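K.L.:
Start from chain A and add chains B and C according to the hints.
Chains as they are written, first to last, in numbering that gives the first Met the number 0: chain A, 0 to 298; chain B, 0 to 361; chain C, 0 to 312.
Bear in mind the hints are in silico, worked out from the structure with no lab data behind them.
Hints are supplied without guarantee of correctness; some may be wrong.
[Stated by the list, open to error] Dumping the calculated DSS-like pairs for lysine-lysine here, alpha-carbon to alpha-carbon at most 25 Å:
1) Lys-35(A) with Lys-21(A)
2) Lys-21(A) with Lys-150(B)
3) Lys-26(B) with Lys-225(B)
4) Lys-44(C) with Lys-35(A)
5) Lys-26(B) with Lys-90(B)
6) Lys-225(B) with Lys-211(B)
[Claimed, not checked] Some residues of chain A that are not near chain B, with every Cβ distance over 12 Å (derived):
7) Trp-28
8) Val-40
9) Ile-49
10) His-60
11) Ser-66
12) Arg-70
13) Gly-87
14) Gly-158
15) Ala-159
16) Leu-190
17) Glu-194
18) Ile-211
19) Ile-278
20) Met-281
21) Arg-291
[To be verified] Beta-carbon label-pair distances, calculated as ranges:
22) Met-46(A) with Val-12(C): 33 to 41 Å
23) Asn-240(B) with Arg-136(A): 28 to 36 Å
24) Asn-302(B) with Leu-298(C): 28 to 36 Å
25) Gln-179(C) with His-177(B): 26 to 34 Å
Owing to the predicted nature of the structure, the values given are computational and were not obtained by experimental measurement.
Ideal placement from N, C-alpha and C gives every residue a C-beta, glycine not left out.
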Amino acid sequence: MEDSATLAADPAMALKRAQQGKSYWRRVWERLREDKVTLAVIAVLGMLLIMVVFAPWFTIHDPYAGSVLRRLKPVGTPGHWLGTDEVGRDLWSRMLYGGRLSLLAGVAPVFLALLIGGFLGILAGYAGGLLNSAVMRLTDVLYAFPSILLAIAITGILGAGLQNTILALTISFIPPIIRISESVTTQVRHLDFVEAARASGARRLTIMRYHILSNVLGPILVYATSLISICIILAAGLSFLGLGVTPPSAEWGLMLNNLRQGIWASPLVAALPGVMIFITSMCFNLMSDGLRQAMDVRL
Amino acid sequence: MSLLKHHVTTGDGALGPLSQRDPSRSKPLLAIEHLTKHFPLQGGLFGRRRAMVQAVDDVSFVVERGETLGIVGESGCGKSTTARLLMHLIKPDRGSIAFRGQRVGVAGGLSQRELHRQMQMVFQDSYASLNPRLPVAMSIAFGPFVHGLGKTEALRRAAELLEAVGLEPALFANRYPHELSGGQRQRINVARALALEPRIVILDEAVSALDKSVEAQVLNLLADLKVRFDLTYVFISHDLNVVRYISDRVMVMYLGKVVEIGPADRVYRDPQHPYTRALLSAMPSMDPRRRTRQAPLSGDPPNPVRPPSGCRFRTRCPLAEAVCEKAAPALLALPSDGARAVACHVHVPTSGHTRAATAGAE
Amino acid sequence: MWAFTLRRLLYAVPVLLGVSMLVFALIHLAPGDVVDILVPPEVPKEIADSLRQRFHLDEQLYVQYVAWLGRLMVGDFGVSFFTGRPVAEELFGALGNTLVLALPAAVLGFLLGIALGALAAYNHGTWLDKLFSATAIIGVSLPHYWVGIVLVAIFAVVLNLLPAQGMGFEGLPTSWEHVQHLVLPVVTLSLIPMGVISRLVRANVLEILSQEFVGTLHAKGLFSRRVLYHTLKNAAPSALALMGLQFGYLLGGSILVETVFNWPGSGGLMNLAIFRRDVPVLSATIVVLAAIFVVINILVDVLQALLDPRMRR
Numbered sequence: 000m001e002d003s004a005t006l007a008a009d010p011a012m013a014l015k016r017a018q019q020g021k022s023y024w025r026r027v028w029e030r031l032r033e034d035k036v037t038l039a040v041i042a043v044l045g046m047l048l049i050m051v052v053f054a055p056w057f058t059i060h061d062p063y064a065g066s067v068l069r070r071l072k073p074v075g076t077p078g079h080w081l082g083t084d085e086v087g088r089d090l091w092s093r094m095l096y097g098g099r100l101s102l103l104a105g106v107a108p109v110f111l112a113l114l115i116g117g118f119l120g121i122l123a124g125y126a127g128g129l130l131n132s133a134v135m136r137l138t139d140v141l142y143a144f145p146s147i148l149l150a151i152a153i154t155g156i157l158g159a160g161l162q163n164t165i166l167a168l169t170i171s172f173i174p175p176i177i178r179i180s181e182s183v184t185t186q187v188r189h190l191d192f193v194e195a196a197r198a199s200g201a202r203r204l205t206i207m208r209y210h211i212l213s214n215v216l217g218p219i220l221v222y223a224t225s226l227i228s229i230c231i232i233l234a235a236g237l238s239f240l241g242l243g244v245t246p247p248s249a250e251w252g253l254m255l256n257n258l259r260q261g262i263w264a265s266p267l268v269a270a271l272p273g274v275m276i277f278i279t280s281m282c283f284n285l286m287s288d289g290l291r292q293a294m295d296v297r298l
Numbered sequence: 000m001s002l003l004k005h006h007v008t009t010g011d012g013a014l015g016p017l018s019q020r021d022p023s024r025s026k027p028l029l030a031i032e033h034l035t036k037h038f039p040l041q042g043g044l045f046g047r048r049r050a051m052v053q054a055v056d057d058v059s060f061v062v063e064r065g066e067t068l069g070i071v072g073e074s075g076c077g078k079s080t081t082a083r084l085l086m087h088l089i090k091p092d093r094g095s096i097a098f099r100g101q102r103v104g105v106a107g108g109l110s111q112r113e114l115h116r117q118m119q120m121v122f123q124d125s126y127a128s129l130n131p132r133l134p135v136a137m138s139i140a141f142g143p144f145v146h147g148l149g150k151t152e153a154l155r156r157a158a159e160l161l162e163a164v165g166l167e168p169a170l171f172a173n174r175y176p177h178e179l180s181g182g183q184r185q186r187i188n189v190a191r192a193l194a195l196e197p198r199i200v201i202l203d204e205a206v207s208a209l210d211k212s213v214e215a216q217v218l219n220l221l222a223d224l225k226v227r228f229d230l231t232y233v234f235i236s237h238d239l240n241v242v243r244y245i246s247d248r249v250m251v252m253y254l255g256k257v258v259e260i261g262p263a264d265r266v267y268r269d270p271q272h273p274y275t276r277a278l279l280s281a282m283p284s285m286d287p288r289r290r291t292r293q294a295p296l297s298g299d300p301p302n303p304v305r306p307p308s309g310c311r312f313r314t315r316c317p318l319a320e321a322v323c324e325k326a327a328p329a330l331l332a333l334p335s336d337g338a339r340a341v342a343c344h345v346h347v348p349t350s351g352h353t354r355a356a357t358a359g360a361e
Numbered sequence: 000m001w002a003f004t005l006r007r008l009l010y011a012v013p014v015l016l017g018v019s020m021l022v023f024a025l026i027h028l029a030p031g032d033v034v035d036i037l038v039p040p041e042v043p044k045e046i047a048d049s050l051r052q053r054f055h056l057d058e059q060l061y062v063q064y065v066a067w068l069g070r071l072m073v074g075d076f077g078v079s080f081f082t083g084r085p086v087a088e089e090l091f092g093a094l095g096n097t098l099v100l101a102l103p104a105a106v107l108g109f110l111l112g113i114a115l116g117a118l119a120a121y122n123h124g125t126w127l128d129k130l131f132s133a134t135a136i137i138g139v140s141l142p143h144y145w146v147g148i149v150l151v152a153i154f155a156v157v158l159n160l161l162p163a164q165g166m167g168f169e170g171l172p173t174s175w176e177h178v179q180h181l182v183l184p185v186v187t188l189s190l191i192p193m194g195v196i197s198r199l200v201r202a203n204v205l206e207i208l209s210q211e212f213v214g215t216l217h218a219k220g221l222f223s224r225r226v227l228y229h230t231l232k233n234a235a236p237s238a239l240a241l242m243g244l245q246f247g248y249l250l251g252g253s254i255l256v257e258t259v260f261n262w263p264g265s266g267g268l269m270n271l272a273i274f275r276r277d278v279p280v281l282s283a284t285i286v287v288l289a290a291i292f293v294v295i296n297i298l299v300d301v302l303q304a305l306l307d308p309r310m311r312r
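Same shape as in the complex, but just chain A (with noise of 0.2 Å):
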């Protein structure tokens, strides 16, 4: 055949590989295993998140327990390496346990956004004309307000707590999840090899099965992580509002709240809850440039 002569090199082992093949999905691994800074990125968000999980492990404080005599104490108190918060709890601690509600509000939202926008987008995408009109236009309206605005409006209005941050969120990234996913879709739908799959007779769904999920999920999983990054500082903003996790709820965007009015006397740890905030969204939006390198997306 045309390129036999590239296999010359060493017959054996250029044959096994050529048979089998190399999937997208596994080149996209090798690349990413070439990454250091991506793995080391995803290692930290691993650690991050082991610690948060099995909180108790890394603390003896408990993070609710305040104490008029030990209120605001800076950064090294021995017994509290990290200081204590305007009430006197141990910091470290509520950084930990903090984390939990924190991460939680910032991958959930996208996690629920990417099932219910994926799904409307691939779905218009696919389906084309009025279906798709109808989702789109409605996506417009939406698209309307400035992402935090809409959250904003939402809880505001709403009223504060978990869930209805969760839901605010929610909705402010149902739209730019529809808009890719629906673009990605309709770009692939065009593709020779859908209509290929068309003219082998095929029903819509199998064709939605077998040709364009797999060639879509991709592209919007991509774009949805570098979403959490978004949605991290924004949750953590809506609490420091007073708008989204209600006290005495350990959450780094309510301790940076509390903690501002203590800025006068220890004004670094005022700043410490954010550190949180940045590192955590930082690394997500390292992961997701990772992430779309190996698996060479654009979007």
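P.N.:
For chains B and C alone, kept in the frame of chain A given last:
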């Protein structure tokens, strides 16, 4: 569902199942009548349909069993739209397609699904027409699989077809499209088209994107497969040499209309329509004495949104006269050669064209 | 081109209508109605009901909606439940204050973003590229409200150089003292657009530099200034679109930064309205901000179409 059952249920009761019908070959394998497709152009203030592109306009022809019908014309003349209309990948605005006398897509006629069993297509872009996420054997097996064959069975057929198109199954079955060369990919596409054991294969610029040497290999393969599987080809290309090489008959299209149709050797030797003549004289010739010095066709084809009135070729035709502006010529059989048909007033004695009387002498 | 602009404008009408419906629906989805919120529970039911009647809260929802929409159309946003002042007065004053922050922040962020992105792309692969790319990714990952707190901690608390809070003036800044109030919030607000724009500009410029026509320009012997001009011209439309979006986010998203700096802008107004349950102020703020965002998007689309004819569908 079983393929066999499908045969029986879709066949018209009075005529019996497809396989038993039509032993006399009295009906052509494929008969296309008045096929028309106009695409709306978006534009205007509210995105209203302001204009229509007349991609294919009132096209009729037949394809006989076992022949290769070549379709040629400049790009944008409606060749590819015709292919997609034949496959029912896009719905025609008007006109009908009949396979062995059974109309497609009407009650009591042939279902689209059944049509796809009988007619398959190979696309121009060998890469875009294969799903990049599937090993090529799965792409080939997909057709039989959706028509009810088990997965293992379908993959076995894929292996046979790989063999048939000259690719060692053990070596190629599990590869992905990006791991193959263009020629190999186009062989895969041919195998995929054959997987449903169709009677007709439409080749839409199937070799146009290949290197010349690879193109020759694939053309030879197509010729072999045609004999081996008793196939009928509709071969669409802008490459006049390739069409002449492979076709029994050739159909020339201009701006969505058929201008000339007939046996390939006779059309090439003695073109009757001015457009065909211009097209063929633009062909590079090996014979220096036959080379033309003058560009036979000047300018671009007119805008298909607003094609010229009457004969669509008149704006570029050296023989154009007043009558050509008034009436569109019908595609009529030549008096001198019943196998050929031309749509030109020059060949109709009563048309009023000044050359009409002398047309026979040309 | 005019047809495109007109079509784009007309299309905004149903979108804005949808926006108003959404806001109205949200407010009426909230548990309890306005009277429940305003009137203490010990007030007799008859009085509460008569209040409902006075504010037409007993009417069918669609009647209320049409009436509300009608008032919005003529610029009547009602009266604040809390201060008793006309909402329009409060809102436009606050919007002005937000613009005082958002405009310089946008200019700063866009200019820095374009400069960093273009420089990073032109020095692709060098340490400069890495430094600028890192800056950009930090910029988009920073919770900007936290940056505000950190800046306050450093420049106001520790160094005592700049004021920590408040606006300190009305209207436009006229003295150095006024400008001092602006510095920290403007820098804070400019971070996100800076990061987002510089990432996009870097990617765009890199792509354009890798295209053939740039090679052709070099081959033609054109100076690199010309090449730069051509790259920027080609990178402009998408950067512009993003800037429009980012400016909208600055207006809508300023609520967090305005809270940090106690800035009396539209975000601060909205925050107050939420906690005071001041429904007229809240709904008007949301609708107006969304409307501004829609208008910005139209402007961006039209500008984009002017620069790039392919956009004129």
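K.L.:
The structure should be examined with respect to each hint, and the outcome stated for every one.
P.N.:
Hint check:
Annotation: proposed proximity of Lys-35(A) to Lys-21(A) holds, straight-line Cα distance about 22 Å (limit 25 Å). The hinted pair formed by Lys-21(A) and Lys-150(B) meets the criterion: a straight-line CA distance of about 21 Å does not exceed 25 Å. Under the criterion of a C-alpha separation no larger than 25 Å, the hint pairing Lys-26(B) with Lys-225(B) is consistent with the structure, at around 21 Å. For the hint pairing Lys-44(C) with Lys-35(A), the CA-to-CA distance comes to about 68 Å; that exceeds 25 Å, so the pair is violated.
The hinted pair formed by Lys-26(B) and Lys-90(B) meets the criterion: a straight-line CA distance of about 24 Å does not exceed 25 Å. With a C-alpha separation of about 21 Å, the suggested pairing of Lys-225(B) with Lys-211(B) holds against the 25 Å cut-off. The beta carbon of Trp-28(A) sits about 14 Å from the closest Cβ of chain B, which is more than 12 Å, so the claim that it is off the interface holds. The beta carbon of Val-40(A) is kept farther than 12 Å from every beta carbon of chain B, the shortest such distance being approximately 27 Å.
With a minimum CB-CB distance of about 33 Å to chain B, Ile-49(A) clears the 12 Å threshold, and the non-interface call stands. Every Cβ of chain B is farther than 12 Å from the Cβ of His-60(A); the closest lies at roughly 51 Å, confirming the non-interface assignment. At the 12 Å boundary, the C-beta of Ser-66(A) stays outside the reach of chain B, the nearest C-beta of that chain being 59 Å off. Every CB of chain B lies more than 12 Å from the CB of Arg-70(A), the least distance being 59 Å, so the non-interface label holds.
Against the 12 Å criterion, Gly-87(A) stays outside the reach of chain B, whose nearest CB is about 57 Å from its own CB. Against the 12 Å criterion, Gly-158(A) stays outside the reach of chain B, whose nearest CB is about 42 Å from its own CB. Every Cβ of chain B is farther than 12 Å from the Cβ of Ala-159(A); the closest lies at roughly 44 Å, confirming the non-interface assignment. Not every Cβ of chain B is farther than 12 Å from the Cβ of Leu-190(A); the closest lies at roughly 5 Å, contradicting the non-interface assignment.
In this structure Glu-194(A) is not separated from chain B by more than 12 Å, as the shortest Cβ-Cβ distance comes to only about 6 Å. A beta-carbon of chain B comes within 12 Å of the beta-carbon of Ile-211(A); the shortest separation is about 10 Å. Consistency note on Ile-278(A): stated as away from chain B, and its beta-carbon is indeed over 12 Å from all of that chain's, at 35 Å minimum. With a minimum CB-CB distance of about 32 Å to chain B, Met-281(A) clears the 12 Å threshold, and the non-interface call stands.
At roughly 17 Å, the least C-beta separation between Arg-291(A) and chain B is larger than 12 Å, which holds for a residue marked as non-interface. Between Met-46(A) and Val-12(C) the beta carbons are some 52 Å apart, a value that contradicts the proposed interval 33 to 41 Å. At about 51 Å, the CB distance of Asn-240(B) to Arg-136(A) disagrees with the hint of 28 to 36 Å. A hinted range of 28 to 36 Å holds for the C-beta pair Asn-302(B) and Leu-298(C), which are about 34 Å apart.
At about 60 Å, the beta-carbon gap between Gln-179(C) and His-177(B) misses the expected band of 26 to 34 Å.
Checked against the numbered hints above, the structure violates hints 4, 16, 17, 18, 22, 23 and 25; every other hint is satisfied.
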